[in-house]
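S.K.: Based on these hints, arrange chain B on the given structure of chain A.
The listed protein sequences derive, respectively, from chains A and B.
Under the numbering used here, the letters of the first sequence match residues 1 to 207, in that order.
Under the numbering used here, the letters of the second sequence match residues 1 to 684, in that order.
These aren't lab readings, by the way, just hints derived from the structure by calculation.
Dumping the calculated BS3-like pairs for lysine-lysine here, alpha-carbon to alpha-carbon at most 27 Å: (1) B:Lys562 - B:Lys70; (2) B:Lys57 - A:Lys100; (3) B:Lys183 - B:Lys562; (4) B:Lys184 - B:Lys307; (5) A:Lys63 - B:Lys57; (6) B:Lys673 - B:Lys621; (7) B:Lys642 - B:Lys57; (8) B:Lys642 - B:Lys183; (9) B:Lys562 - B:Lys673; (10) B:Lys351 - B:Lys307; (11) B:Lys57 - B:Lys562; (12) A:Lys113 - B:Lys70; (13) A:Lys113 - B:Lys351; (14) A:Lys190 - B:Lys57; (15) B:Lys184 - B:Lys70.
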Amino acid sequence: MSGGATARSDVSSGRTIRYARLAFFCALAALLLSAIPRGVAEAQSNTAGEYEVKAAFLYNFAKFIEWPESSFPDPQSPLTICVLGSDPFGRTLDDALQGKMIGNRPVTLERFKNPAQARQCHIAFVSSSEARRLPEIQDQLRGASVLLVGESDGFAEAGGVLQFVLQDNRVRFVINTDAAQRADLKVSSKLLALAEVIHDPPGGKHN
Amino acid sequence: MKREGKRPALTARSSVSATARLVVRLAALLLLAPAVWPRQRSEDLTEQSIEDLMQIKVTSVSKTEETLSKTAAAVFVITQEDIANSGALNIPDVLRMVPGVEVAQINANTWAITIRGFNQRFANKLLVLVDGRSVYTPSFGGVFWDMLDLPLENIERIEVIRGPGGSVWGANAVNGVINIITKKTSETHGGLVVGGGGNVEQGFGLLQFGGKAGTSTDFRAYTKYFNNDHYSDPLGLNGADGWHALRGGFRTDSTITPRDTLTFEGDIYTVREGAPTLNLPSLTSPFPVPFNEIINDRGGFLQGVWKRTSSPRSDTTLQFSYDHYARNDVVHDHRGIFDVSFQNHRLWGEKQDIVWGLEFLDSDSFARGSLYASLLPARLNTALFGTFIQDEITLLPDQLYLTVGTKLEHNHYTGFGLMPSIRAAWTPTRNQTVWASVSRALRTPSEVDAGVRTNAGGFTLPDGSLAELAFMGNPKINDESLVTYELGYRAALWNRVSFDFAAYYNDYDNLETVEPGTPFFESSPPPPHTVFPVTYQNFMLGETHGLEVAASWNVTHRWSLKSGYAFERIHMHVSPLSVDTTSAPGLEGASPVHSAQLRSHVDLGHRLSWDTTTYYVDRLKAFFIPSYTRLDSELSWRFREKASFSIVGQNLARDHHMEFVDVTQTERTTLVKRSAYAKLRWEF
Chain A
1 MSGGATARSD VSSGRTIRYA RLAFFCALAA LLLSAIPRGV AEAQSNTAGE YEVKAAFLYN
61 FAKFIEWPES SFPDPQSPLT ICVLGSDPFG RTLDDALQGK MIGNRPVTLE RFKNPAQARQ
121 CHIAFVSSSE ARRLPEIQDQ LRGASVLLVG ESDGFAEAGG VLQFVLQDNR VRFVINTDAA
181 QRADLKVSSK LLALAEVIHD PPGGKHN
Chain B
1 MKREGKRPAL TARSSVSATA RLVVRLAALL LLAPAVWPRQ RSEDLTEQSI EDLMQIKVTS
61 VSKTEETLSK TAAAVFVITQ EDIANSGALN IPDVLRMVPG VEVAQINANT WAITIRGFNQ
121 RFANKLLVLV DGRSVYTPSF GGVFWDMLDL PLENIERIEV IRGPGGSVWG ANAVNGVINI
181 ITKKTSETHG GLVVGGGGNV EQGFGLLQFG GKAGTSTDFR AYTKYFNNDH YSDPLGLNGA
241 DGWHALRGGF RTDSTITPRD TLTFEGDIYT VREGAPTLNL PSLTSPFPVP FNEIINDRGG
301 FLQGVWKRTS SPRSDTTLQF SYDHYARNDV VHDHRGIFDV SFQNHRLWGE KQDIVWGLEF
361 LDSDSFARGS LYASLLPARL NTALFGTFIQ DEITLLPDQL YLTVGTKLEH NHYTGFGLMP
421 SIRAAWTPTR NQTVWASVSR ALRTPSEVDA GVRTNAGGFT LPDGSLAELA FMGNPKINDE
481 SLVTYELGYR AALWNRVSFD FAAYYNDYDN LETVEPGTPF FESSPPPPHT VFPVTYQNFM
541 LGETHGLEVA ASWNVTHRWS LKSGYAFERI HMHVSPLSVD TTSAPGLEGA SPVHSAQLRS
601 HVDLGHRLSW DTTTYYVDRL KAFFIPSYTR LDSELSWRFR EKASFSIVGQ NLARDHHMEF
661 VDVTQTERTT LVKRSAYAKL RWEF
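With the rest of the complex left out, here is chain A (with noise of 0.2 Å):
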């Protein structure tokens, strides 16, 4: 970024240079201050990544379902979360689930693309990329109580238990109840309380 003086620039010259040094006080100044609140501040209104947030989410849903006895063959063996399709998170999700328990189970992650080898998972993260094929993946997985979490526009209605949603650029989340019967899954009441909760439509093909 250089170039000539122009004819102009040596009247103008002094006072840029104030407002430069103005402008560097200022920023310094700010800059400070905001790094201030950092510390004290609370987490009302911090920002994070759409799938860092959903990766937690993740996690956190595993603390309130309980799953039949049958899923796991032992007390101690892992809760197991996949993503089926196209990934997402990236490595936002290992780094969230990194050395992760629920109670005495550690939490393993696992990415598919065929959903048969979904039926191992506790909880399967259905990417936008399969949603198209929901009902195949049901199919594949009936009897299995496998938590299918999406994020596509009508999942839970769909079938899906657990459905992400964006309002007012915050997570929130639908849980289709009668999807959950019929995975075998117990919600906690209230993981119930803070979703929206839906049954599948009248007449759908699931009754």
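M.R.: Then chain B, alone, in the frame of chain A:
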């Protein structure tokens, strides 16, 4: 960072180096700061309760952005958040954040805006669309930015595509396309009141209400007003360019069947603005004289879009619009534009994604001129037909895509034109895209190119008779053409850093120059006189090359930085037939070689946020305008869930500065001045 040396050494230097230093200092400060601070433990979101997680505002990548990140073109998306954080009150100021977009204000109500060079008030190589409706006027070829005053609050995003978009959007999408996309009405339920004022933006307000009508229709209606003070001209006198505007509009979105949606929108507006311009009082006057005109613009549009999603693999869109305006500028321009377009999109097999479309546009105009400037013919009806097809071919799933397409258009002046393009995108990993493209674009003649008549002044010939120097359009003018070669790389790194790089080489042909024509005799208007005309010819060619970089970094959960840089070189050459010595250097010197932006957004906690933006623009050699740095800052306090108060300072770095000169002098330059305003925003 090095401690600053002796200060006196600085004073002798030019403002170029001073502003450069300012930029460097700010940049270094902002970039080094996090390294100096003790790093806060990065918050582990999984430790938070579900209730807390539900309160976190997420910065989401929409589906569109996801798609755009894999596009084989230089795309920049301005989100609603970017707009709100910019402190800008009009679209030109919003566009300043995009590297490669040249925004220069001529006076309080007139801008010169282009992408990748060729800037002028009538910048004609940039196409601008609002919800798919072109706002590029066929009269002079370009955009009346002062008439494009839609509420910024209703914009969902602005997609800026640098480089040709002719293969889809057709003629005049030469150097770029700007798509302004407004929010769906389902997102603007409830009332919204925005009001404020300051020293330049003396008073502005928006009143809006939206909701649901019946079970299947959402709507909103708004009205807005502003009154802006004038600037001063370079002599410190009143620039006579103050302006005010009143606008109202609506939009409805209906779901008629599960497969069909119908959208209507429309606006009406009236603008009254001071125009420091020129006028020729009589044929014997040796040159045009400064003249402060008052321009009144009235206009409005209505448009409808019917979209049918037949299946997840196929959808069809039918769109019509009617746009009318009356603008008593130097030439009084009354114009109605009717546009209808059809578009079909389908997946064909597993590997091909095809879009094709048809378009018809009719422009009907009446131009009432003056002795100084007029358009011939005064009444004109022109039609345009276009068709395009584009196929995105998956060569390797999730990895390699090839997009080929072309548009064929027929216009009133130059007949058929073909604008093909071929683009390839390679996504070696989820977070990286490498792309390349070759494309051709055309700029078709405007009504000014073909039929303007400007009387530039009278003089007396040696034999005592009167002669007139006139500027005349050329009805036989040809298309200007461009072949562009582009290369780009985009990456999202470590979830917090994203990077976008684009480089281009543009090869232009048949560019316009101004050449002398054959003198002729004219008896009307009296007295009889000889006309020495100059007229447009396609006698110039040239190359431009450059690169643009955009990077963003979420430093912490509370602090994000976004930066941009653009470099450009323009080389123009006239053919041996030309005697035009000004057009080539004029174009070369009308764009900055370097420009840069740095935006910082800090969430201060306690519902306070602080935004600062620095814009650096290199000098414009053609107009002897030195480089300048704009500094804008906004402090915003959201004191209620749905109410916020903000204080904004604009152009804080200088008392006033000059940004551009309109070579036609139909709008004189005034100086952009330092300003501040306060704003209250309340949703209910």
